[in-house]
Each structure stands twice: as structure tokens, then as C-alpha cells.
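Kindly produce the complete structure, drawing on both the sequences and the hints.
Number of protein chains: 2
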Amino acid sequence: MSKLRATLTMSLDGYVAGPNQSLDYPLGIGGERLHEWMFPLKAFRESHGETGGEVNESTPVAERILGGTGATIMGRNMFGGGPGGWGDNAWNGWWGDNPPYHHPVFVLTRHAREPLELQGGTTFHFVTDGIESALERGRAAAGDEDVSLGGGASVVQQYLAAGLLDELTISVVPLLLGGGARLLENLGNPLPGLEQVEAIDAPGVTHIRYVASSRAT
Amino acid sequence: MSKLRATLTMSLDGYVAGPNQSLDYPLGIGGERLHEWMFPLKAFRESHGETGGEVNESTPVAERILGGTGATIMGRNMFGGGPGGWGDNAWNGWWGDNPPYHHPVFVLTRHAREPLELQGGTTFHFVTDGIESALERGRAAAGDEDVSLGGGASVVQQYLAAGLLDELTISVVPLLLGGGARLLENLGNPLPGLEQVEAIDAPGVTHIRYVASSRAT
Numbered sequence: 001m002s003k004l005r006a007t008l009t010m011s012l013d014g015y016v017a018g019p020n021q022s023l024d025y026p027l028g029i030g031g032e033r034l035h036e037w038m039f040p041l042k043a044f045r046e047s048h049g050e051t052g053g054e055v056n057e058s059t060p061v062a063e064r065i066l067g068g069t070g071a072t073i074m075g076r077n078m079f080g081g082g083p084g085g086w087g088d089n090a091w092n093g094w095w096g097d098n099p100p101y102h103h104p105v106f107v108l109t110r111h112a113r114e115p116l117e118l119q120g121g122t123t124f125h126f127v128t129d130g131i132e133s134a135l136e137r138g139r140a141a142a143g144d145e146d147v148s149l150g151g152g153a154s155v156v157q158q159y160l161a162a163g164l165l166d167e168l169t170i171s172v173v174p175l176l177l178g179g180g181a182r183l184l185e186n187l188g189n190p191l192p193g194l195e196q197v198e199a200i201d202a203p204g205v206t207h208i209r210y211v212a213s214s215r216a217t
Numbered sequence: 001m002s003k004l005r006a007t008l009t010m011s012l013d014g015y016v017a018g019p020n021q022s023l024d025y026p027l028g029i030g031g032e033r034l035h036e037w038m039f040p041l042k043a044f045r046e047s048h049g050e051t052g053g054e055v056n057e058s059t060p061v062a063e064r065i066l067g068g069t070g071a072t073i074m075g076r077n078m079f080g081g082g083p084g085g086w087g088d089n090a091w092n093g094w095w096g097d098n099p100p101y102h103h104p105v106f107v108l109t110r111h112a113r114e115p116l117e118l119q120g121g122t123t124f125h126f127v128t129d130g131i132e133s134a135l136e137r138g139r140a141a142a143g144d145e146d147v148s149l150g151g152g153a154s155v156v157q158q159y160l161a162a163g164l165l166d167e168l169t170i171s172v173v174p175l176l177l178g179g180g181a182r183l184l185e186n187l188g189n190p191l192p193g194l195e196q197v198e199a200i201d202a203p204g205v206t207h208i209r210y211v212a213s214s215r216a217t
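Listed in order, the protein sequences are those of chains E and W. Heads up, the first sequence is in our numbering, so the first residue is 1 and it goes up one at a time. Heads up, the second sequence is in our numbering, so the first residue is 1 and it goes up one at a time.
Treat the hints with care, as some may be off.
[Said to hold, decoys possible] Heads up, incomplete: computed chain E residues facing chain W, CB under 8 Å, no partners named: (1) Leu23; (2) Asp24; (3) Thr169; (4) Val172; (5) Pro174; (6) Leu184; (7) Leu187.
[Said to hold, decoys possible] Coverage of chain W stretches by chain E, computed from C-beta distances (three or more under 8 Å per stretch; other residues unrestricted): (8) 9-18; (9) 172-182; (10) 203-210.
Hint data in this document are derived by calculation from the structure and do not stem from the laboratory. Each residue gets a CB set at the ideal place from its N, CA and C atoms; glycine is no exception.
What follows is the structure, given as C-alpha cells:
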């Protein structure tokens, strides 16, 4: 069965977004600096239609984030547009007409909505019946490929606490945000077990990959 | 001038000790598991008078923790014995008659006390006039060697917020504690800047070394 895996960038003090997230600051104040390790990479630039860029120790991690999965699951807050019903001029995501997913994306929400088909193979499906249903639909769409859990923090917490996340890669950046969306809290009781598989020393970031373990704390 | 450096083990969710610290559980519930990466090491076993053990990627980090500095600074909570005055049967630390420091140790406290000289070169000095005074005394005692900042969390926070910590190594273990003493909070405004120098992939732990940077968030 295909695996569910998440790859997130976290500040050293534990946040995946800074304080005061808003439409103007989707990653919160200072949060855009979390992803600076990725911007100079050739793999990142090419996925955004640009040329040039670096190849370094982060390249395999960026490639895993940018491709290699057959479906993505994300929370409503990551899809954006604020909380509540969708309204008439519904928000169509942060990513323009040709989002970088190029496969089905399942958005967890309490508010039903027809699928949103955009260019390049990305269709957003809005799932109102919970995380297990989204995973089942993601797996069916992904076929032999893995399913990517995009975020944000709350959705990762829910899958981790439910024992449904198979692999978690955390890219730890040397940044202190002092507040925002904390990744590793609300993880239930007993707490999930993790096993370290690999750590990569890259310019300005350390990527640590964990797999789910039966050992609980 | 000698540097002030701290080397701490942190759970993936940010704690250097688990919840409910007490005399029976000085590292809190589950907190002793933080240091499991160190126990099998030859360097650790020999420092505790035992033979045998492993040499692996963690060895240089353990050697830095166990030696190579000329003085140590720690907080009262790490020295132990509970809060408040010292009383008649004063607490003499967790480490028995021959503590593993073998150099002067400066304990930050509000309660004055005569120096406590134990075996093997360890003398505990009780400093009541603040973190800068302890650092000055630590540097004087260390001579050409660096000064080690032992912990706990609150003391590291104070030195980091004051811009007095030169180097911070965090050993990130694949453990979720769910509560306890959080290392990286209460860090002031503007927040301290850190630069990643090195990351080491070791069995069951990732050691990341940071130096202070002028770049504030």
C-alpha cells in the first residue's frame, strides 16, 4: 500500500509558520524565511518555470517535496481563503491557474464544495468526512505512488496522533520565530513513536527523516 | 577570549526534560530517554569508570560534553535539591563524591552558600549576582579553555537572550515528550540569530551545531 508522508520545514523553536498568519502573510510574520533554503535550488526554480540555480545536499529533499507522489492531502488553512463557507467568489488557492501539484489534492474542510479543476493536472477535491476518508481517496488516486501530506500543522498532528502517518521529514532551519503554528503538539496519549532514519547536513538547514515506530512514550 | 558553549539534548518536540520534574525524576517523566544515545558510548562509559562501549558518529559530541572545557555554569534546578534556601543538610548535587566535571562549576542561585569542594577537582561555587558575573568568573577559572553552559532550559534562555552564548549544539532525539521544560522559548525581542555550522547523522540522534549570528528575526 502506498505510504503517507509529510515533509515540513520547521524553525528551531518548533514552528511551521510564524505568528499572525493572514491573507497578506500566509506563513505569518517572518515565516517566509523558513523556506529560504529551497529558493536557490535548481529543482525549485525549474518547478516554477525558471532556469539556473544550485544543486546541493538539499536537492533530493526538494525533489521529494516537489514531486514523486500521486496525490496530496492538505488542510483548509493551507489551501487558504480564510475560515467559514466558500461564498460566491470562492478562493481558488494560493497557486494561480497552474498549481505545482499536478495531481489530485484533497482539502480537508467542514464546508462542501464541487471539485476545482485547474491547469497542469491539479484538481482540488474538498473532503468533508474526515482524515481517514481523505487518506482513502488520496491512496485511490495515487495508485502505486505515495501520498503527500502537505500541512499545515493541525492536519499533520491529526494524522500523526491517529497513527496514519508513515514517514515524516522535518527540515530544521536555524531560525527562531518566537510564536506561530507549532508543529509537534496535540499528539494524543500515548504519544506517537518515531525512529530516525537519516539526517542530512545541508546549507542552512538539517533534514531529518523519521518513520513511524510502534514504540510509544 | 574563551567561548561560552552549550550542548543539550532536546526531544523533537522541543523539551530538554519531561513533565513533572522531581527529586525522583530529575529529568521529568520519560526524560531519561533523552540521553539514551550517550549511554552505550565508550566515551561515556569510561567517564563513569566503566569499560567497553561503542565508538560512533556521536563520539565527538559526547567528548565535547564530557570534557574540553575549563569551567561549567549551571542553574540551581540542574544542581538540584529543590528551590529555596539550602538549610542544614544541604544538597550536594546529583553526582556523588566525584562529580564528572573535574573543574570549577558556577551554580546560579538566589541563595548564598560557601563553595563546595568535592573529589576529582570539582568545586561548586554558588553565584548570587547574576549571569554576567557567573560568566566572568567562569572565564577567569577556565583560562584558555572554553566555558560550558550546562543547563537547564531557563539558564540557556537567559544567556541566549542576553547575547552571551557563542555556540549551541542541540542533539535532537526522535522522542516526543508532550510537555516539560521547553528549551527555546522566552528568548527576548529581537530574537537571537543563529547560524548552522554542522549537522551530524548519528544512531538515534542528530547533532546540530549553531553559532550566534548578528542576524535577528
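Here is how each hint holds up against the structure:
no. : hint    : in the structure
1   : Leu23   : violated, 22 Å
2   : Asp24   : violated, 18 Å
3   : Thr169  : violated, 12 Å
4   : Val172  : holds, 7 Å
5   : Pro174  : holds, 4 Å
6   : Leu184  : holds, 4 Å
7   : Leu187  : holds, 6 Å
8   : 9-18    : holds (count 3)
9   : 172-182 : holds (count 7)
10  : 203-210 : holds (count 5)
Checked against the numbered hints listed earlier, the structure breaks hints 1, 2, 3; every other hint is satisfied.
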